[in-house]
Amino acid sequence: MGELKLMKGNEAIAEAAIHCGCDGYFGYPITPQSEIMETLMVEKPWETTGMVVLQAESEVASINMLYGGAACGKKVMTSSSSPGISLMLEGISYLAGAELPCLLVNVVRGGPGLGTIQPSQADYYQTTKGGGHGDYQLIALAPASVQEMYDFVDLGFELAFKYRNPAIILSDGVIGQMMEKVIVSDVKPRWTDAEIQKISGSWATTGKTKDRARHIATSLDLEAEKQEIHNHKLQAKYREIENKEVRFEEFQTKDAEYLLVAYGSSARICQKAVEICRSKGIKAGLLRPITVWPYPTKRVAELAHQVKGMLSVEMSAGQMVTDVRLAVSGKVPVSHFGRYGGVIPSPGEVVVALEKFINGGN
Amino acid sequence: MSEIQIQDIIKKENFVYGKTKILTDNVMHYCPGCSHGVTHKLVAEVIEELDIQEKTIGVSPVGCSVLAYNYIDIDWQQAAHGRAPALATATKRLMPDHYVFTYQGDGDLASIGAAEILHACNRGENITVIFVNNAIYGMTGGQMAPTTLIGMPTATSPYGRQAALHGYPLKITELIAQLPGVAYVTRQSVHTPAAVRKAKKAIKKGFENQARKIGTSFIEIVSTCSSGWKISPVESNRWMEEHMFKFYPLGDLKDAEKDNEEDYRKFIE
Ligand SMILES: Cc1ncc(C[n+]2csc(CCOP(=O)(O)OP(=O)(O)O)c2C)c(N)n1
Ligand code: SF4
Ligand SMILES: [Mg+2]
Chain P
1 MGELKLMKGN EAIAEAAIHC GCDGYFGYPI TPQSEIMETL MVEKPWETTG
51 MVVLQAESEV ASINMLYGGA ACGKKVMTSS SSPGISLMLE GISYLAGAEL
101 PCLLVNVVRG GPGLGTIQPS QADYYQTTKG GGHGDYQLIA LAPASVQEMY
151 DFVDLGFELA FKYRNPAIIL SDGVIGQMME KVIVSDVKPR WTDAEIQKIS
201 GSWATTGKTK DRARHIATSL DLEAEKQEIH NHKLQAKYRE IENKEVRFEE
251 FQTKDAEYLL VAYGSSARIC QKAVEICRSK GIKAGLLRPI TVWPYPTKRV
301 AELAHQVKGM LSVEMSAGQM VTDVRLAVSG KVPVSHFGRY GGVIPSPGEV
351 VVALEKFING GN
Chain Y
1 MSEIQIQDII KKENFVYGKT KILTDNVMHY CPGCSHGVTH KLVAEVIEEL
51 DIQEKTIGVS PVGCSVLAYN YIDIDWQQAA HGRAPALATA TKRLMPDHYV
101 FTYQGDGDLA SIGAAEILHA CNRGENITVI FVNNAIYGMT GGQMAPTTLI
151 GMPTATSPYG RQAALHGYPL KITELIAQLP GVAYVTRQSV HTPAAVRKAK
201 KAIKKGFENQ ARKIGTSFIE IVSTCSSGWK ISPVESNRWM EEHMFKFYPL
251 GDLKDAEKDN EEDYRKFIE
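Going down the list, the sequences are from chains P and Y. In terms of the working numbering, the first sequence has 248 at position 248, counting the first letter as 1, and numbering is strictly consecutive. In terms of the working numbering, the second sequence has 46 at position 46, counting the first letter as 1, and numbering is strictly consecutive.
Everything labelled a hint here was simulated from the structure, so no lab data went into it. Cβ coordinates follow ideal geometry from the N, Cα and C atoms, glycine included. Any given hint could be a false lead.
Said to hold, decoys possible - Pairs of lysine-lysine residues, derived as DSBU-like cross-links and limited to a Cα-Cα distance of at most 35 Å, are as follows:
#, chain 1, residue 1, chain 2, residue 2
1, P, K44, P, K254
2, Y, K12, P, K210
3, P, K210, Y, K204
4, Y, K21, P, K233
5, P, K8, P, K298
As the list claims (entries may be wrong) - If you only want the chain P side, here are some residues facing chain Y, beta carbon under 8 Å, derived:
#, residue
6, P29
7, T31
8, S58
9, T206
10, R214
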């Protein structure tokens, strides 16, 4: 069993990368996530596991470095915060189109524009509804603790390779910067060349040997019919992920009359809000999506038969609330409460918002 | 006396020229007279001669050569417009014993991808860059490139490129030759048999340098694009000799082997 360590969310990402056998990290500094690359540079994993760490000239370069590394069947990752992820979107679309597994981390800050370096959850649409061009999806994990920051690196790689699709950890400045205890797992060695051949040998660009046709990592097909067939294949994969990989957590939902829906650091705040509500006699519960894509649509729909209303709590002007509304499909009232632009709501504010919602306001 | 049969002539000792097996039999989509076809052939021949097919990864650009992977029988990565050097950087660092090259047009390399090529070269990535400079955006229908000459008409400089309106043509190869990470910078062309032979030698050296791990090798091929230039292939060659070579003179710009690069690096450190 692994040892217990105290660390920041961002440091947990870096430690987890080394521990889970990541082959390469490529990134560009941006607050509030710079500690990820800083930690890696201090740790010097190239001297221990052989992991490559490179500060790229821009986020555009880092995401395209990921494309090259992922095409070789290597476990590669990058991290950034909102403006940097915006710059990466063309590359992310290419990675999804070429079905290249890799891991992205977005430690979200307030926007739009240069915005603020304070925490936010306003990149939900960008993460779950595309962001880049074309019909693609990212497998999106939303950690609510430093332990989950750590655990989701390994899980993200696992899912990325299972489905040959980019995965993303959708975090925010709160979780990136806060310190918590983390149970550190045993170090997994990096994949050997033979293991890479076993796992990704049917497609990876590792050098064309005499016994196989050349491998091409591409998202291009100039013939519309062929591109449509490729899209069908992608869509079938996305449906499979929706069927198999939905993850969520519930808190006090058994007898809940009102449901808070929140992910990431908002879920931590809402957990406290539920406790306050319960002490006041309001039967509140919390549903926390762990995967924001695939979304726990079915569970939200089920709970719509039980509760009298749902309040989506996000550090945004209301993005995830659209997914809640789609799932609820008009059965019960759904509303949104959020602070944004870098402001973090207090549990008390959430309670007031819920009380207002219950009393017919919104 | 019996007639000479064709089989009697096709003997190994009689061969003066053959198509390398590294080139596939796919029909190339390039226009007649286009420099891309010859340049592909040279890259393929070098890969065969060095016997590195199993260890070579090509990175194709966005541009007319986006489909290079249909013609050269190796593993390929197709990059977003301008980003080939970023892909090559990671690929080479993660598989340092492989031979990695980018193949890029002038719009791809000198405009949208200027940052990626400069930084990859400045880091001294152990890769080979094949830079096909035809002074125009061939693929998208003949728009102005950063390398378009002053006075040269294109779809987006219909009255000829003017410095005041469009800026000056960019000698990116000269810029790259300044970078300490770069081992070998040369400018070649493929418009005559003699030029083809020299270009091939340069490409070969560019690949051989990867085994020496001495930094980036950068090979510009000054090229024609008769479709974009809207003149015949023969006219294009003439025009290139007269105008392109004046602004983009052929020859080596830097050769670490000859230029005592070690001393230079010590000096800048
Ligand atoms: C991000 C992006 N912007 C623009 C384009 C459109 N585009 C495709 S090829 C090209 C120019 C290619 O010119 P060059 O690199 O000189 O190659 P050539 O076709 O001349 O060989 C452009 C602008 C694109 N595919 N992607
Ligand atoms: S448009 Fe120009 S660069 Fe493209 S294939 Fe034709 S001649 Fe070659
Ligand atoms: Mg061009």
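- [ ] May I ask you to test the interface hint for R214 of chain P with respect to chain Y, counting a Cβ-Cβ separation under 8 Å as satisfied?
- [x] holds (5 Å)
Open item on the list: The hint names T31 of chain P as touching chain Y; please verify it with the least Cβ-Cβ distance against 8 Å.
Closed with: violated (22 Å)
Open item on the list: Hint validation: S58 of chain P versus chain Y, beta carbon distance must be below 8 Å. Holds or violated?
Closed with: Status holds, d = 6 Å.
- [ ] Starting from K44 of chain P, check that the Cα of K254 of chain P is at most 35 Å away, please.
- [x] violated (48 Å)
Task: Evaluation of the interface hint that places T206 of chain P against chain Y, nearest CB under 8 Å - done: holds (7 Å)
Open item on the list: For a C-alpha distance cap of 35 Å, please report whether K12 of chain Y and K210 of chain P respect it.
Closed with: holds (23 Å)
Open item on the list: Holds or violated: the hint that P29 of chain P contacts chain Y, with Cβ atoms closer than 8 Å.
Closed with: At 15 Å from the nearest chain Y Cβ, P29 of chain P fails the 8 Å test, so the hint is violated.
Open item on the list: Please verify whether K8 of chain P and K298 of chain P have alpha carbons no more than 35 Å apart.
Closed with: Distance ~34 Å between K8 of chain P and K298 of chain P Cα, so the pair holds.
Open item on the list: What's the verdict on K210 of chain P and K204 of chain Y, does the C-alpha distance respect the 35 Å limit or exceed it?
Closed with: holds (22 Å)
Open item on the list: Just to be careful, I want the Cα atoms of K21 of chain Y and K233 of chain P compared with a cutoff of 35 Å; is the pair within it?
Closed with: Given pair K21 of chain Y, K233 of chain P holds - Cα atoms ~33 Å apart, limit 35 Å.
Hints 1, 6, 7 from the list above are not met by this structure, while the remaining hints are.
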